[in-house]
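S.K.: Construct the complete structure from the given sequences, taking the supplied hints into account.
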Amino acid sequence: MSEEKIITPEQEAQTDTAVKVHVAEGKKASSGAAQPASDQGMTRRRFLFSTGVVGAGALLIGQGVLAFALPNNVVAYPTSKGALLVDTKKCANCTSCMIACSSVHYGKASYELSRIQIMFNPFAPYPQGARQAQCHQCKDPKCVAACPTGANHVDTANGNVRTVDARKCIGCQKCIEACPFETARVQWDPTTKTSQKCDLCVTSKYWSEKGGPDGKHACEEVCPMRAIKYTTELPKVDGLEGYEVNLRSVDVDPKWAAYGLPTGDGGEWSADQLKAMQAAAGGATVSEG
Amino acid sequence: MSHPGRTLFLFLILVIAGIVGAVIAANTGHLLFNILWPLLILAPFFGLLVAGRTKRHETFIDGDRVLRHDGAARLEHWTHGVGTFALIVTGGLLGVWFMKSALAGGQPTWLAMNLHYVAAWFFLFGTFYYLADTIITSGKLKEHLPTKNVVKYSIQHYGHMMGFKKYSMPPEDKFYESEKLAFIIAVLSAALLVITGILKVLAHVIHAMPAGLMHVITITHDLSAILITLFLLAHLFFGVIIPSAWPGLHSMLSGYMSVDEAREGYPGWFAKITADDAEAEDSASEQADR
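Each protein sequence line maps, in turn, to chains A and B.
Note that the working numbering gives residue 122 to position 122 of the first sequence, counting from 1, and the numbers run on in steps of one.
Note that the working numbering gives residue 182 to position 182 of the second sequence, counting from 1, and the numbers run on in steps of one.
Please keep in mind that the hints were generated in silico from the structure rather than gathered at the bench.
All values derive from a computational prediction rather than experimental measurement.
Heads up, a few of these hints could be off.
[Stated by the list, open to error] Restricting the straight-line Cα-Cα distance to at most 35 angstroms, the calculated cross-link-like pairs of lysine-lysine (DSBU-like) are:
| no. | chain 1 | residue 1 | chain 2 | residue 2 |
| --- | --- | --- | --- | --- |
| 1 | A | Lys-216 | B | Lys-140 |
| 2 | B | Lys-174 | B | Lys-140 |
| 3 | B | Lys-200 | A | Lys-139 |
| 4 | A | Lys-108 | B | Lys-200 |
| 5 | A | Lys-210 | B | Lys-100 |
[What the hints assert, rightly or not] Counterexamples of contact, computed for chain A against chain B with all Cβ distances above 10 angstroms:
| no. | residue |
| --- | --- |
| 6 | Phe-47 |
| 7 | Lys-108 |
| 8 | Gln-128 |
| 9 | Gly-129 |
| 10 | Ala-145 |
| 11 | Thr-149 |
| 12 | Arg-167 |
| 13 | Pro-180 |
| 14 | Gly-212 |
| 15 | Thr-231 |
| 16 | Pro-254 |
| 17 | Asp-272 |
| 18 | Ala-281 |
[To be verified] Far from chain A, some chain B residues (derived; all Cβ distances over 12 angstroms):
| no. | residue |
| --- | --- |
| 19 | Leu-10 |
| 20 | Val-20 |
| 21 | Arg-53 |
| 22 | Arg-74 |
| 23 | His-77 |
| 24 | Gly-81 |
| 25 | Val-82 |
| 26 | Val-89 |
| 27 | Gln-107 |
| 28 | Val-151 |
| 29 | Ile-184 |
| 30 | Ile-226 |
| 31 | Leu-227 |
| 32 | Val-240 |
| 33 | Pro-247 |
| 34 | Ser-258 |
No residue lacks a Cβ here, since even glycine has one placed at the ideal position from N, Cα and C.
M.R.: What follows is the structure, given as structure tokens:
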């Protein structure tokens with residue numbers, strides 16, 4: 001490989017274009033004659049140029065080939081083995097589930113780090129006063145599809161639970177944006193600048209119990225109202241409002257009815273409860289709610 | 001338009017196009033790292049390609065001024081420098097290491113990421129252009145490497161600049177020993193940023209990248225960013241703010257430094273240029289005699 005030398009503008013003006021680039025003789029490029037580049041064989045600059053052209057060309061051609069060669073697959077995600085149900089009519093806004101969630105995942109009692117969110121409106125009448133936002137483990141997880149790096153993924157080793165591996169998350173928040181529910185079921189963890197979501201306690205490293213689809217779930221365990229329940233039969237999600245589930249019926253929670261609390265689907269007294277109340281009142285009329 | 005003028009025009013057009021592209025992509029919910037990642041991998045090759053077509057100009061005295069930085073040196077410096085600065089700003093806004101993100105979710109975050117992409121493109125191009133061109137041009141790399149005087153001279157130099165050390169400048173070369181020391185830090189941090197950055201880009205393509213590896217890469221990327229930020233702050237202070245550095249700043253913009261400034265500020269370098277000029281003149285007269 002020949003030695004490459006730098007040239008002065010005066011020398012450059014005296015040589016033709018090819019020679020300007022590839023002056024190759026002596027201690028310094030002196031004025032006057034220099035040999036044409038074609039006589040030099042592969043110079044270092046020519047080698048660099050070739051490397052750049054070949055590299056760039058290979059990359060572009062490779063992309064073109066891949067674009068045509070790869071099939072346009074429709075991605076189908078395996079269904080999650082289960083999900084958490086929350087009965088909004090049963091929740092007492094105690095936020096125990098939020099504290100339990102952040103405690104088992106992060107070892108901190110923090111509302112901010114909880115993967116289940118309880119929103120409380122003290123001015124709204126029952127049952128609109130409380131709203132719960134927990135992940136539905138959707139059959140068609142938009143959050144997983146939106147993730148550019150595969151951080152938000154289907155964990156096939158743990159019952160296909162939809163989860164975020166924070167180590168791969170780049171913090172773009174595309175998954176939060178993609179979640180169809182209001183409020184998004186994927187949350188932003190400001191301390192790590194990554195997304196997080198309910199993983200059914202698969203990564204509950206601060207909990208001695210085994211989590212995951214086949215294990216226990218901190219929010220469910222701690223809920224004093226028994227308003228949260230794990231299910232392997234996902235209810236039909238109705239639009240962006242999610243689903244309505246009744247965990248107050250006698251067959252699900254006999255104690256709830258025994259205390260005389262409303263067991264109707266809409267949070268009202270059931271027909272049986274009203275009859276029982278009428279009987280207890282000696283036949284007087286008892287209104288609903 | 002002169003050649004440097006055309007280069008500057010092209011540079012500005014690319015910067016504006018990059019910013020406009022970043023804004024449009026953010027507004028339409030796209031991440032450039034995701035949809036245009038091949039263009040980013042292309043940047044180093046583009047740097048090599050341009051280095052292969054570059055014509056370097058030797059330092060020469062033109063009347064009362066000296067050519068200190070030719071067009072290639074300035075292009076390398078400013079693409080790398082502007083890219084680094086924009087990377088630090090956008091990366092800082094997105095949050096570094098233990099620092100939280102200063103941005104709201106959605107479009108502000110996507111815009112910062114897209115601008116980070118544009119900055120990364122310039123950074124990669126400038127870095128590889130500089131590396132390839134420096135290695136290939138005889139004597140250029142040596143200009144930047146520290147000598148055995150590096151520690152002693154650097155302490156004296158910075159002490160002198162800060163005004164708490166009395167010291168008369170030794171006949172330093174084109175770059176001070178202190179600058180050569182900073183060069184090593186810049187190269188180290190830039191190398192770490194390039195390696196970790198490219199791996200982070202590849203994570204958009206290869207979703208099966210090991211999570212543990214990505215975790216280490218993210219931390220290394222953040223720490224390298226902090227290192228290069230410290231370097232840039234020192235570089236700005238000693239290269240822009242302190243008045244004694246202004247001739248050097250001027251030459252990095254115009255290419256030229258006055259003969260007086262070269263003689264006083266860089267006596268070792270000036271002695272070399274004048275010796276080379278005398279040698280060239282002798283050689284020319286010998287040829288003419290024949």
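S.K.: Please go over all the hints and tell whether each is borne out by the structure.
M.R.: Verification of the hints:
About 65 angstroms separates the Cα atoms of A/Lys-216 and B/Lys-140, which puts this hinted pair outside 35 angstroms; it is violated. Of the pairs offered as hints, the one joining B/Lys-174 and B/Lys-140 holds, with about 11 angstroms between alpha carbons and a cut-off of 35 angstroms not exceeded. The suggested pairing of B/Lys-200 with A/Lys-139 holds, with an alpha-carbon distance near 29 angstroms, which does not exceed 35 angstroms. About 30 angstroms separates the Cα atoms of A/Lys-108 and B/Lys-200, which keeps this hinted pair within 35 angstroms; it holds.
For the hint pairing A/Lys-210 with B/Lys-100, the CA-to-CA distance comes to about 32 angstroms; that is within 35 angstroms, so the pair holds. With a least CB separation of 7 angstroms from chain B, A/Phe-47 falls inside the 10 angstroms interface cut-off, contrary to its annotation. Against chain B, the non-interface label of A/Lys-108 holds: every CB pair exceeds 10 angstroms, the least being about 15 angstroms. Every beta carbon of chain B lies more than 10 angstroms from that of A/Gln-128, the smallest distance being close to 27 angstroms; the non-interface claim holds.
Against the 10 angstroms criterion, A/Gly-129 stays outside the reach of chain B, whose nearest CB is about 27 angstroms from its own CB. Chain B leaves A/Ala-145 outside its interface by the beta-carbon criterion, the shortest separation being 12 angstroms against a cut-off of 10 angstroms. Non-interface status of A/Thr-149 relative to chain B is broken: a Cβ of that chain comes within 10 angstroms, the nearest being about 5 angstroms off. With a cut of 10 angstroms on Cβ distances, A/Arg-167 falls inside the contact zone with chain B, its closest approach being about 4 angstroms.
Even its closest Cβ contact with chain B, about 15 angstroms, leaves A/Pro-180 beyond 10 angstroms, as expected for a residue assigned away from the interface. Chain B leaves A/Gly-212 outside its interface by the beta-carbon criterion, the shortest separation being 18 angstroms against a cut-off of 10 angstroms. The beta carbon of A/Thr-231 is kept farther than 10 angstroms from every beta carbon of chain B, the shortest such distance being approximately 29 angstroms. At roughly 44 angstroms, the least C-beta separation between A/Pro-254 and chain B is larger than 10 angstroms, which holds for a residue marked as non-interface.
Non-interface call for A/Asp-272 relative to chain B: holds, since the shortest CB-CB distance, roughly 47 angstroms, exceeds 10 angstroms. Separation of A/Ala-281 from chain B is adequate, the least Cβ-Cβ distance of about 54 angstroms exceeding the 10 angstroms criterion. Listed as outside the interface, B/Leu-10 is consistent with that label: its C-beta sits roughly 17 angstroms from the nearest C-beta of chain A, beyond the 12 angstroms cut-off. Non-interface status of B/Val-20 relative to chain A is upheld: no Cβ of that chain comes within 12 angstroms, the nearest being about 20 angstroms off.
Non-interface call for B/Arg-53 relative to chain A: violated, since the shortest CB-CB distance, roughly 6 angstroms, does not exceed 12 angstroms. Non-interface status of B/Arg-74 relative to chain A is upheld: no Cβ of that chain comes within 12 angstroms, the nearest being about 15 angstroms off. The claim that B/His-77 lies off the interface holds: its Cβ sits roughly 17 angstroms from the closest Cβ of chain A, which is beyond the 12 angstroms cut-off. Every beta carbon of chain A lies more than 12 angstroms from that of B/Gly-81, the smallest distance being close to 22 angstroms; the non-interface claim holds.
Distance check for B/Val-82 against chain A: the nearest CB is about 21 angstroms away, which clears 12 angstroms, and the non-interface claim stands. Against the 12 angstroms criterion, B/Val-89 stays outside the reach of chain A, whose nearest CB is about 16 angstroms from its own CB. Annotated as non-interface, B/Gln-107 brings its C-beta within 12 angstroms of a C-beta of chain A; the closest such distance is 9 angstroms. Residue placement check: B/Val-151 keeps its beta carbon more than 12 angstroms from all beta carbons of chain A (closest about 30 angstroms).
The Cβ of B/Ile-184 sits about 24 angstroms from the closest Cβ of chain A, beyond the 12 angstroms cut-off, so the non-interface label holds. Listed as a non-interface residue, B/Ile-226 keeps its Cβ farther than 12 angstroms from every Cβ of chain A; the least gap is roughly 15 angstroms. Listed as outside the interface, B/Leu-227 is consistent with that label: its C-beta sits roughly 20 angstroms from the nearest C-beta of chain A, beyond the 12 angstroms cut-off. B/Val-240, annotated as away from the interface, keeps every beta carbon of chain A farther than 12 angstroms; the closest lies near 27 angstroms.
B/Pro-247, annotated as away from the interface, keeps every beta carbon of chain A farther than 12 angstroms; the closest lies near 21 angstroms. Once the 12 angstroms rule is applied to beta carbons, B/Ser-258 is consistent with being away from chain A; the minimum gap is 19 angstroms.
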